[in-house]
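**Q** Protein chains in written order, with our numbering: chain A, 1 to 261; chain B, 1 to 556; chain C, 1 to 343.
None of the hints are false.
Per the computed footprint, the stretches of chain A lying under chain B, defined by three or more beta-carbons under 8 Å from a beta-carbon of chain B, are:
(1) 153 to 167
(2) 217 to 230
(3) 245 to 251
No wet-lab data here; the hints were simulated from the structure. Since this is a predicted model, take the numbers as computed values, not measurements. From the three backbone atoms N, C-alpha and C, an ideal C-beta is built for every residue, glycine too.
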Amino acid sequence: MTSTSVRRHRATGLVVLLAALVATGVGYAAVTDSAQAAPPQASETQVQQGRQLFLEGCATCHGLAAQGTDSGPGLIGVGAASVDFQVTTGRMPLSAPAVQAPRKTPQYTPEQVTALAAYVASLGAGPAIPSDSDLSTTDANLAEGGELFRTNCAQCHNFAGKGGALSDGKYAPTLMNATPREMVEAMLTGPQNMPNFPNATLPLEKKQAIVKYITDNLQNAAAPGGLALGSYGPVTEGVFIWTAGIGALLLAAVWIGAKVR
Amino acid sequence: MSLIVKEAGKAISRADERAPISSLAKANLRKIFPDHWSFMLGEIALYSFIILLLTGVYLTIWFKPSMIEVPYHGSYAPLDGIPMSEAYASALNISFDVRGGLLIRQIHHWAALFFMAAMIVHMFRIFFTGAFRKPRELNWVIGGSMIMIGLLEGFAGYSLPDDLLSGVGVRIVAGIIESIPVVGTYLMFFIFGGQFPGSDFIPRLYTFHVLLVPGILLALVGLHLVLIFYHKHTQYPGPGRTNTNVVGYPLFPVYTAKAGGFFFVVFGVTVLIASIVTINPIWAYGPYVPDQVTAGSQPDWYIGFLDGMLRAIPPGWETVIWGHTISWNIFVPGLVMPGVLFTLLLGYPFIEAWVTGDTREHHLLDRPRNAPTRTALGVMAITFYGILVLNGANDIIAQMTSIPFNYITWFTRVGIVVFPPLAFVATRRFCLGLQRRDRDLLLHGRESGQVLRLPHGEFIEIHTPISDTEKAVILSKVDVPVIEAPPATDENGVVTPGLKGRRRRAKWSRFYFGDNVAKPSAAEIEAAAHHAHEEHDHEVEELTEGGKDIPARLTD
Amino acid sequence: MSDNHGTDVSVAEHGDTPEFPLPPHHHRITDTDPKAAKRAERQVAAMFGLSALCTIGFVVAYVAIPTDTFIALGPIGIVQLSNLVLGLTFGLAILLIGLGAIQWAKKLMADEEIIGERHPLGSPKEDQDAALAEFQTGLAESGFVERKIVRRTLIGALALFPIPLIVVLKDMGPLPVDSLNHTIWRKGSRIVVDVTGKPLRPEDLAIGTLVSASPEDLDKIQELEGNQNARAKASIILVRMRPSDIKSQQSPEGQTWDYQGILAFSKICTHVGCPIALYQQRQHSLLCPCHQSTFDLADGGKVIFGPAARHMPQLPITIDSEGYLVAQSDFQEPVGPSFWERG
Chain A
1 MTSTSVRRHR ATGLVVLLAA LVATGVGYAA VTDSAQAAPP QASETQVQQG
51 RQLFLEGCAT CHGLAAQGTD SGPGLIGVGA ASVDFQVTTG RMPLSAPAVQ
101 APRKTPQYTP EQVTALAAYV ASLGAGPAIP SDSDLSTTDA NLAEGGELFR
151 TNCAQCHNFA GKGGALSDGK YAPTLMNATP REMVEAMLTG PQNMPNFPNA
201 TLPLEKKQAI VKYITDNLQN AAAPGGLALG SYGPVTEGVF IWTAGIGALL
251 LAAVWIGAKV R
Chain B
1 MSLIVKEAGK AISRADERAP ISSLAKANLR KIFPDHWSFM LGEIALYSFI
51 ILLLTGVYLT IWFKPSMIEV PYHGSYAPLD GIPMSEAYAS ALNISFDVRG
101 GLLIRQIHHW AALFFMAAMI VHMFRIFFTG AFRKPRELNW VIGGSMIMIG
151 LLEGFAGYSL PDDLLSGVGV RIVAGIIESI PVVGTYLMFF IFGGQFPGSD
201 FIPRLYTFHV LLVPGILLAL VGLHLVLIFY HKHTQYPGPG RTNTNVVGYP
251 LFPVYTAKAG GFFFVVFGVT VLIASIVTIN PIWAYGPYVP DQVTAGSQPD
301 WYIGFLDGML RAIPPGWETV IWGHTISWNI FVPGLVMPGV LFTLLLGYPF
351 IEAWVTGDTR EHHLLDRPRN APTRTALGVM AITFYGILVL NGANDIIAQM
401 TSIPFNYITW FTRVGIVVFP PLAFVATRRF CLGLQRRDRD LLLHGRESGQ
451 VLRLPHGEFI EIHTPISDTE KAVILSKVDV PVIEAPPATD ENGVVTPGLK
501 GRRRRAKWSR FYFGDNVAKP SAAEIEAAAH HAHEEHDHEV EELTEGGKDI
551 PARLTD
Chain C
1 MSDNHGTDVS VAEHGDTPEF PLPPHHHRIT DTDPKAAKRA ERQVAAMFGL
51 SALCTIGFVV AYVAIPTDTF IALGPIGIVQ LSNLVLGLTF GLAILLIGLG
101 AIQWAKKLMA DEEIIGERHP LGSPKEDQDA ALAEFQTGLA ESGFVERKIV
151 RRTLIGALAL FPIPLIVVLK DMGPLPVDSL NHTIWRKGSR IVVDVTGKPL
201 RPEDLAIGTL VSASPEDLDK IQELEGNQNA RAKASIILVR MRPSDIKSQQ
251 SPEGQTWDYQ GILAFSKICT HVGCPIALYQ QRQHSLLCPC HQSTFDLADG
301 GKVIFGPAAR HMPQLPITID SEGYLVAQSD FQEPVGPSFW ERG
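Please work from the sequences and hints to get the whole structure.
**A** Dropping the structure here:
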């Protein structure tokens with residue numbers, strides 16, 4: 001009998017609103033700092049370790065000095081967040097050339113990822129990996145997150161976060177497996193063909209609202225009316241009516257018309 | 001039992017003093033309907049329509065057809081405080097705050113998909129069996145019109161909740177209206193009461209959806225049924241069935257129970273689907289805002305072919321002449337193409353009647369193979385339609401199969417020209433092959449799979465004659481004579497009147513029937529039977545009777 | 001009317017008397033075995049009885065289950081319990097009536113096929129003649145044929161009378177005039193982020209950034225339907241790319257419509273008006289989710305795929321004295337779908 005996302009508590013709206021106001025005021029400065037600041041106390045050893053890993057696993061495509069080659073973009077200034085996103089979701093390193101790097105099992109341990117990120121961050125300032133407090137959504141407004149999602153995300157990832165097709169075989173991936181950290185990192189860095197949404201245009205607490213909408217309302221989506229048929233819209237509904245629906249009624253019609261022995 | 005009869009008698013006689021009930025009952029209570037599953041497809045559509053009327057009335061109780069913007073404060077938390085139209089807010093209210101409201105909404109929408117799908121399947125049956133022929137042309141036109149009107153009605157219903165998906169659909173329709181040369185902009189402004197989206201469209205669409213169109217549909221449904229009753233139902237060929245009789249079961253009690261029961265089956269299945277499968281989750285789409293959109297924006301399936309056509313147009317189909325813009329890229333696929341398609345659809349019975357020069361009544365159905373050109377045209381049309389429907393879902397297919405939608409679009413642009421003719425040729429050949437097989441079956445019987453070796457070493461396969469039922473079905477074929485073109489002049493050198501038209505008709509007649517395999521005449525059947533007997537049966541009989549040589553039995 | 005039912009010959013061609021008679025009737029088990037009949041009777045009664053129970057169940061569920069109770073139902077998802085139970089009870093109640101009635105008809109009602117005759121559909125010849133004669137009498141009595149002036153004025157009056165019915169439709173909406181040609185963008189209108197309303201400075205956008213934006217005046221508009229009308233035309237997207245990546249722009253020679261690689265384009269598709277923001281930043285291309293028109297924003301918004309015929313209109317932008325991004329003017333061409341007067 002769960003109803004996390006759908007049941008309404010009269011006070012919630014007000015509380016959330018107040019909280020959002022407070023967050024807007026207090027959190028803003030801190031937030032911008034943490035995301036745009038220089039790499040957080042990365043030790044020199046981590047940077048060195050990261051450089052070693054980079055030369056072994058990434059330099060072929062991204063260049064020895066991460067300046068970029070024909071087969072991969074330059075990484076100077078992309079920031080630690082970009083590395084963290086690409087490597088923890090297993091998109092990098094790429095196993096084979098493809099129109100788009102697919103999500104797969106990560107190839108590096110968390111320590112190695114931290115080292116790689118530290119190295120790339122040392123090459124030039126870029127978005128840092130969001131901290132745990134950056135990802136907190138307790139104070140975020142769910143409904144506002146929904147509105148922001150429909151304005152900025154739904155056009156590619158679909159209304160239910162199921163993803164969608166892009167040109168020439170590319171696609172916006174489903175958001176069903178994405179963690180809050182990955183979502184924020186993706187918005188900050190704009191991986192692959194996704195545009196970026198820096199904090200200056202979409203402040204962190206707005207990102208938190210979007211994250212809240214995705215985690216609370218889409219990833220654990222209630223299906224009030226029953227089977228959601230993949231949440232792809234009317235196409236799957238049409239397929240259903242022409243197969244199961246008309247199929248069931250045809251069976252009934254055949255039964256009615258069949259001779260009884 | 002007798003009490004029921006007595007009471008019924010009293011009721012009828014009381015009614016009879018006011019209207020001729022007894023005469024009506026006498027003529028119709030035991031009216032005969034033939035039994036076949038494919039005769040129930042239209043019933044699915046009829047019953048879905050009744051379900052739509054019923055559930056629609058419930059929805060009007062709570063739905064507010066208004067585009068006035070209000071903040072939402074109902075029980076669906078993810079939209080709390082969001083500004084939206086009253087229409088959308090009331091649709092959310094029906095879904096989350098009215099007990100049973102969501103169920104009724106889902107029954108209504110599923111029934112709409114059933115209605116359209118069943119009408120189309122029913123039309124296929126009518127088309128491929130030639131049931132549209134005289135005297136039923138008018139009923140074909142009524143049925144085709146209902147599909148067209150149902151399409152508009154469905155679109156209106158899909159648009160009323162004013163959610164993000166339906167609003168985008170309305171925006172597209174506004175764009176299509178704008179593409180009409182000369183009057184398009186004015187029409188758009190009149191329909192929307194000004195600029196898109198304005199505040200008039202949904203109230204106006206509501207009246208259209210709940211009053212005007214259902215009224216028209218109801219009248220057409222009534223007329224359709226009256227004509228069916230008057231014409232009596234067609235029947236499939238078979239033993240005991242002719243063009244002048246009807247073989248089946250009486251309306252009362254068998255069809256009252258079967259057709260009445262089927263209504264409950266259709267209704268029950270629709271309700272069960274609505275209880276476990278979501279349709280149109282409007283809450284998930286969010287309210288319509290003109291600058292928001294979702295990936296995979298789609299219409300309901302029956303509009304899919306139009307969307308597929310719109311998507312298939314290559315870039316740049318627009319001309320500007322003398323300061324006026326004509327958007328061929330929208331006007332042609334959005335309005336001209338459906339116009340042409342529906343005209344051909346509604347006109348088909350008359351086209352075929354002209355080609356055959358046939359004025360007879362037809363109550364015995366054609367087997368699709370016996371009208372190969374018609375069947376092939378039908379398959380060709382379905383292929384055309386099917387490709388468009390697929391292209392209408394190209395982005396969803398791309399997402400599910402990782403085939404780029406660009407390829408699917410290109411496939412459509414080429415395939416729409418290539419595949420329908422291929423389907424035509426293949427179907428026609430297949431039908432003619434079946435005709436040939438029928439002729440062989442009639443003349444030589446069925447291969448039994450038993451092979452005999454004759455004394456002189458020849459192998460023969462025993463053919464068993466087909467049953468009377470099969471014979472009756474095969475012999476139901478009516479050979480339509482090909483109309484020959486008249487000579488250019490008669491024996492006195494006078495030019496034949498209407499020569500051009502008659503030649504054209506002869507050409508079409510040859511196209512339709514020129515390749516048909518003639519049904520064997522009685523004499524041919526007789527001769528074939530005799531021949532078979534002479535050639536083999538005699539020897540076989542001898543062999544088996546003599547028992548000297550055990551037939552070499554092989555299996556196929 | 002003479003060939004109304006086809007010629008008699010053709011009807012005969014089909015054969016009035018069937019060549020093959022109706023096969024003999026076979027009795028069902030329920031016809032011959034009273035036990036089987038009893039069993040069928042029990043089946044039918046059970047279905048009707050169960051249906052009645054389901055209806056009672058529906059009423060109980062209606063009273064007992066509030067609409068805000070949700071239940072996790074395995075693969076189906078977290079469903080509204082009320083919808084599920086009401087639907088199942090109601091659906092089964094209806095379905096069982098249907099199945100019962102059909103089973104009754106199939107197993108217990110007489111199932112011997114009956115042959116009925118078809119009769120010619122039209123009226124008999126003498127009725128046709130009589131009807132025509134009646135019509136002629138009426139026509140003669142009315143004088144419709146001889147009194148030409150009455151006939152012609154009547155036809156004229158009938159032809160004209162629907163005109164008012166069409167004329168009153170005029171006030172369904174205002175005339176378009178030139179309202180489709182402009183939006184609320186003005187010289188100096190600040191560009192603000194959609195939903196949050198934040199004004200933007202050029203440094204807020206990085207390479208590859210996408211912003212859905214609108215003019216700051218938009219939120220001041222309050223009509224019945226909110227600001228939907230203005231929004232439907234004024235919505236834009238802002239993107240930033242390396243100035244070296246920009247192949248062409250819509251600005252006439254001697255002018256710049258971008259600001260340091262920041263470009264503003266209409267968000268409304270030039271095909272049939274869907275909002276587009278599927279920006280694929282590597283290719284600088286914008287894809288419409290409705291019909292897949294694709295526009296190259298680095299090349300003046302040119303159409304590179306799909307059914308659109310015209311480029312995405314570009315909004316000329318610059319910065320104001322305080323350093324915020326503003327419009328240089330309104331769009332220089334109508335946004336959204338084409339229309340006849342567009343030119």
